[in-house]
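Trainee: This is what each chain is made of:
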Amino acid sequence: MASIKYDHVWKRFGDFAALKDLNLDIADQEFLVLVGPSGCGKTTALRCLAGLEEITEGNIMIGDRVVNDVPPKDRDIAMVFQSYALYPHMSVYDNMAFGLKLRKTPRAEIDARVKEAAEMLGIGQLLDRKPKALSGGQRQRVALGRAIVRHPSVFLMDEPLSNLDAKLRVQTRAEISKLHQRLKTTFIYVTHDQTEAMTMGTRIAVMRDGVLQQLDTPQTLYDHPANMFVAGFIGSPAMNFFEATLVRGDGKVLVDFGPFQLPVPPSRIDMIADHIGMPIFFGVRPEDIHDTHYVPRGVDDTARLMTMVNVVEPLGSEVYAYVENGGKEMVGRLDPRTSARTGQPFEVVIDMTKMHIFDRDTERALI
Amino acid sequence: MQQAKTLSARPARPARWLNRDRVIALLMISPSALAIAVFVYGFIAWTGYVSLTSWNSLATTSTFVGFDNYLSVFATGRFQTNIRNLIVFTAFFLLACLLIGLLLAVLVDSRIRFEGFFRSAYIFPMALSFIVTGVVWRWLFAPGNWPDDPTGINLLFKQLGLGFFQSAWITDTGVVPGWRVEGLRTRIGVPMAMIPVVVAAVWQMSGFVMAMYLAGLRGIPDEIKEAARVDGASEWQVFRTITLPLLQPITLSAVIILGHISLKIFDLIVTMTGGAPGNNTEVPGLYMYEITFKANKFAEGAAVAMVMLVVVALLVVPYLIYSRQTEVER
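Top to bottom, those sequences are chains G and X.
The opening position of the first sequence corresponds to residue 1 in the working numbering, with each subsequent residue numbered one higher.
The opening position of the second sequence corresponds to residue 368 in the working numbering, with each subsequent residue numbered one higher.
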């Protein structure tokens, strides 16, 4: 068990910087998820921690030890790869026992640990098989088992679920979370899937172009994204963004979209007072747009907007409606009983207490 | 509804085995099939038949003598020596080609500069004929009047001040250790003159083995090796426990390919030593040629040919069956 620290870490490949001054403090027993789009540096960050890439600048610490020059074998970590990277010429048992054999663990102990892990993962009956005789889900479990038997101080997982089908992915997601609770070890998990990140991580680090955008709990990332990138990345469907200007009128502060205006709730005015009269980005999540007839209790329904419905996507438990006013299109997650119909006018309520305002130049959140 | 009725009313034409596509396929394949049937399998059958007759002179005779030719060939000291030479040559040739080929492949695979140049340079000797290789290496291994007036490699050693490395090379008549075994008419051991021949053959073929191993090495996903490193393996352990076992199919293919070249070796030895000194570098392929076309013992020559066929088949056929099975599995 150990804490992890990335201290001003840079990783360059020639002229390209994959990690730019990365600073991360990961507590012991934490489940940290590194998330971001392809090429954002999340896998590089993980590989640097594993020792599979050398860092260009800075320090990486596991516990109290700087591990910059420590080879992977001496870092006391275990890693689950996206491709699982099982040894194709070895049986499941030998795959799992490999690391222990290299450490000259007594045979009886190897046997006990492999069987215990296999039991925990439900692959006890597969121990004699070769990886090619396993399904994707079974291979994934073997890869997990290979990591578990080592009792490492840190688990690294590089998109371990991306090769599974949707159903198995959801199931395994929960199992990995359970595993974390049971093993009480530090987990660092890389994914590009924000749902995985939100459901599994105790904290989430959102990355983009090698730069850490925000490190926080899932709920804080959702409620208070630090910038437009995080706001757009977390949540599905993604947040709606509009170019707008903050203006004063009728003794109120309004968000002026051009074709229409929406009032800023009095409680929020202080936060944006400096930007009145300035161009901003306005953001609202689809779940904060409602059908006027089905506004949840407690939601402020003063900000109403007449729109035209472009597309309606019923999902059973909810309806995605793509609505438009004056060329500004937005998607709303509506109550399934909604009367929105394609091509028909439709009035929506926008919960302005949940709005997000971003600086037009820096794209940083003002609210 | 109407249309569905019309469709279902039409009787399905029975599927014939010999349809138009099959006829065209058979027509296309038949010329080569016929040629192979006659010129390969027909002639093998003919050789097999001749080996069972008494046709051991210019006069064509076809008296059936059973396995007499085989027995008489195996009883000669010369053929026994040939077999010994062939075993020695094959063992050293295979071992050296595999080791050097693997070593070169690992070096080239380590992302060195000018990789393309080295790769081509190592493979290049394969573009030459064994005849050319034989001639060149005969010159190099001709000892000259050593130690004082040497030629070839001996001269090189002398000029480098490594005179003690000078040797008789292709003229060395020694057999080490040269044990005599009851019932055998040849000495058991390594004929020293065979060493230069092995060197020449390895020079020519190890680049090919390198190319095979290189393809194999490039086919091993990096992630598997990385997983082993994270699991606690040193670089040597990664090589020994992951890389080498995963190269096993390549080794098997290389053994089969080199093995059949080695068992049929003829041209290199003809040009390099001609089987000399004595019969110390002579192999069955050369012996078959000599007794068939110089001594006109056609039946005995055919018997040697059949022995060679069986030996090569013992190596190749299991491999063909194995690769067919793995193909089916895929």
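Keep in mind that the hints were calculated from the coordinates and are not lab data.
Ideal placement from N, C-alpha and C gives every residue a C-beta, glycine not left out.
Among the clues, some could well be false.
[What the hints assert, rightly or not] DSSO-like, lysine-lysine: derived pairs with alpha carbons at most 27 Å apart:
hint, chain 1, residue 1, chain 2, residue 2
1, G, K178, G, K167
2, X, K631, G, K132
3, G, K115, G, K20
4, G, K132, G, K184
5, G, K101, X, K592
6, G, K104, X, K661
7, G, K167, G, K5
8, X, K592, G, K130
9, G, K132, G, K115
10, X, K525, G, K115
11, G, K184, G, K130
12, G, K132, G, K101
13, G, K328, G, K354
14, G, K5, G, K178
15, G, K5, G, K20
[Unchecked claim] Taking CB as the label site, the calculated pair distances span:
hint, chain 1, residue 1, chain 2, residue 2, range
16, X, F491, G, D165, 19 to 27 Å
17, G, D64, X, Y689, 35 to 43 Å
18, G, G124, X, P612, 23 to 31 Å
Trainee: Quickly compare the C-alpha distance for K592 of chain X and K130 of chain G to 27 Å and report which way the hint goes.
Mentor: The hint holds at about 18 Å.
Trainee: Can the restraint linking K132 of chain G and K115 of chain G be considered satisfied, given a maximum Cα separation of 27 Å?
Mentor: Holds - the C-alpha atoms of K115 of chain G and K132 of chain G are around 21 Å apart, at most 27 Å.
Trainee: Are the Cα positions of K132 of chain G and K184 of chain G separated by 27 Å at most?
Mentor: Measuring from Cα to Cα gives roughly 32 Å; hence the hint is violated.
Trainee: State, for the Cβ atoms of F491 of chain X and D165 of chain G, whether the hinted interval 19 to 27 Å holds or is violated.
Mentor: violated (50 Å)
Trainee: For the pair supplied as a hint, K167 of chain G and K5 of chain G, is the alpha-carbon distance within the 27 Å limit?
Mentor: Violated, because 35 Å separates the two Cα atoms, which is more than 27 Å.
Trainee: Would the hint linking K184 of chain G and K130 of chain G be met if the CA-CA limit is 27 Å?
Mentor: violated (30 Å)
Trainee: Under the criterion that the straight-line Cα-Cα distance not exceed 27 Å, is the pair K104 of chain G, K661 of chain X satisfied?
Mentor: Not satisfied, since the Cα-Cα distance of roughly 65 Å exceeds 27 Å.
Trainee: Verify the proposed pairing of K5 of chain G with K178 of chain G, using a straight-line Cα cut of 27 Å.
Mentor: holds (25 Å)
Trainee: For K631 of chain X and K132 of chain G, compute the direct alpha-carbon distance and say whether it is at most 27 Å.
Mentor: violated (38 Å)
Trainee: Would you check the hint for K115 of chain G and K20 of chain G, treating anything up to 27 Å between C-alpha atoms as holding?
Mentor: violated (43 Å)
Trainee: D64 of chain G and Y689 of chain X, beta-carbon distance inside 35 to 43 Å?
Mentor: violated (55 Å)
Trainee: Take a quick look at whether K132 of chain G and K101 of chain G sit within 27 Å of each other, Cα to Cα.
Mentor: holds (22 Å)
In terms of the numbered hints stated before, the structure departs from hints 2, 3, 4, 6, 7, 10, 11, 16, 17, listed from lowest to highest.
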